[in-house]
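Using the sequences and the accompanying hints, generate a full structural model.
Top line first, the protein sequences correspond to chains A and B. Heads up: the first sequence begins at 1 in this note's numbering, then just goes up one per residue. Heads up: the second sequence begins at 1 in this note's numbering, then just goes up one per residue.
Just so you know, the hints here were simulated from the structure itself, not pulled from any lab data. Take these hints with a grain of salt, some might be off.
What the hints assert, rightly or not - Interface residues of chain A toward chain B, partial, derived using beta-carbon atoms under 7 Å:
id	residue
1	SER60
2	HIS62
3	LEU64
4	GLN87
5	SER119
6	VAL121
7	LEU204
8	LEU214
9	ARG221
10	VAL235
11	ILE238
12	THR239
13	HIS261
C-beta: ideal position from N, C-alpha, C; glycine also.
2 protein chains.
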Amino acid sequence: MAGFLEATAVRRTAEGRYQAELDPMWSIGTKPNGGYLLAILTRAAVDAVGPAHPQPTAVSAHYLSAPPAGPVELRVETLRVGRSAAQVRASLYSADRHCVEALITCGELPAAASAPWWSGVPIVQLPPEEACRRLSGDDPRFPVPLLSVVSERLDPACVGFATAGSGSGLGEMRGWVRLADGTQPDPLTLLVAADCLPPATFDLGLLGSWVPTLELTVYVRAVPAPGPLRVRLRVRLITDGRVDEECDVWDSTGALVATGHQLAALRLPDAPASAAADAAVAAAD
Amino acid sequence: MAGFLEATAVRRTAEGRYQAELDPMWSIGTKPNGGYLLAILTRAAVDAVGPAHPQPTAVSAHYLSAPPAGPVELRVETLRVGRSAAQVRASLYSADRHCVEALITCGELPAAASAPWWSGVPIVQLPPEEACRRLSGDDPRFPVPLLSVVSERLDPACVGFATAGSGSGLGEMRGWVRLADGTQPDPLTLLVAADCLPPATFDLGLLGSWVPTLELTVYVRAVPAPGPLRVRLRVRLITDGRVDEECDVWDSTGALVATGHQLAALRLPDAPASAAADAAVAAAD
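Written as C-alpha cells, this is what we have:
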C-alpha cells in the first residue's frame, strides 16, 4: 500500500506540466477524496513556484467532475511571485477531461510552536485517542478505502450514525487523525485532514447522503508538529440541497494549523437508510 | 455618485473579454474593496455563462496586487457548464497587470424565503438599525470612500475602536448594511457585504492595522429579500502576521444568505495609534 508521499507524487514533464497517478486507496467509494486531489495539485504548485515560497497558505478548489483513479495531468501556471507570497493556478485533467481547478497562494509557514497572538477558536475537546473509535471502510456495500490509509478515530459521541443509525443532532464530527503509514503530518497532509471525516450531515440523521464537494478552501496556518491531528468538522447551514461545513485542524501541541471551508451538494438517498448509511463505518479496534 | 449597478457594470468587448471602470468611491483609502472587485468579476462571469446559471454560488478570489481606480480588463473563461452548476475562471487586469484571479461556480439560487433545513449559525443579535452608529469615512487622514456608498451602522458595542481608541476584545464587528443609493440587495451585493465592515482586528485593539486580503471565498446561499442586511465579521485566528475572518450575512427576513471567509495579512502601524486607526471611523448621526 502506497504511503502519502507516493500517493501524492508528481513528476514534471515540461514547463508547467506534471503527471501524477491517482491511487484508488485515497477514495470514498470510487471517487478520489477532494482533499487528496488538492494535495496533489498543491505539490505541483509548490514545485513550480520554487523554494522561496515552499508551502501553501491558502488553497481554493472548484470541483468540475470526479476523476477515476489512474493517471492525471496537472497544468500549473505561476501567476505572480512576490516577496511574501506567490499565486498559482493549477488544473487537474483526467484523459483531457478538466476535473479540478484550483488557486493556490504559496508562502512560508511558521512552525506550529509559535503561540497565536489571538484565537477565537477554542481547541476541540476529545477523549484520549485510544478511547476513540477507529473507523473502518471495509463494508462491501459502500467501501471507503480512504479509511485504510488515513486512520480516523472518532469521539464515541459522534459515531451514532454508524452504531445506532442516528446522529447526535449537533451536526459535528470530531476525532483524531493520522496517516496510517506512520508518516508525520506536513502542510500537504493538512489539506487531506480538512476533508477526510465522514460528512457532518450524517450526525444530523441524513444517513447515506452523498455530499459531493463543489468548492473547498483551506487556510494552512503553520507547519504541524509530529503526532496525531485533532479534527473537527461542523455543519453551518443546510438549505435547498446545499450544505456548507467548517473544519478545524489542530496539531499535537494544540496549535490550530489549518481551517477548511466547503460548499457541497447534498443528495439524499432514495431509501431512508441506504447501504451507504450504516455501511460507511463499522467500528474496528 | 454612481450606484452599485453602474459601479459594477461590465461591457463585453469580445468572447471572454470585458471592460469595466473601477469607481474610486468603492475603496478603502485608495485601494478598491476586495468584495467590490469580486462583484465585478462575478458580473462578467455570470454574463459569460448565460441564463441557465444566473447567479454565483461559490466565489473564491486570490488577490495579487491592488489595482488603482480606472479602467480594467476582465478575462473570463468558462471551464464547464453542467446541469446544476457552471464553473468559470475570471481574471482582472489593470493596464496588463494581473491583479485578481477568481474561480466562480454559478448556479441557480433559491429565494431567501425558503426556510433552512438546518442551521448551526444563530442569527446575530443587533440593536434596531436606528440605534446603531453609521460609520463615516470622511476623515482626511484616512478617507474610506466606501462608507459613502455602503451605509454601515455598527452595533454601538463594536465602535469602541473609533470612539474610545480601544476594542471590546471580542474580535467582532456587527451591524446593519445597505447600499447607500437605495438599491435593494441582490446576490452580487452580498459579495460586497461579506467584505465591507471595518477589520475585526480593530476590535482587538489592533488599531490602524492594514489588513490586505490574500484570499476571499464567499458562498452565496439565497437571493436576499429587500431591506437591510445584518452582517457579522469575526476574527478566528491571528498568528504570525496573518489573520482569518469569517463573515455571515443575513437578509431582512433573517435568512442566512451568504458567508465569507478570508485570509489576510496583518500589518501593524509603526505608531501604536496611527492616523488610520482613529480616523477609520468618525461616528456620524
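Verification of the hints:
no., hint, result
1, SER60, "holds, 4 Å"
2, HIS62, "holds, 5 Å"
3, LEU64, "holds, 4 Å"
4, GLN87, "holds, 5 Å"
5, SER119, "holds, 5 Å"
6, VAL121, "holds, 5 Å"
7, LEU204, "holds, 6 Å"
8, LEU214, "holds, 6 Å"
9, ARG221, "holds, 6 Å"
10, VAL235, "holds, 5 Å"
11, ILE238, "holds, 4 Å"
12, THR239, "holds, 4 Å"
13, HIS261, "holds, 5 Å"
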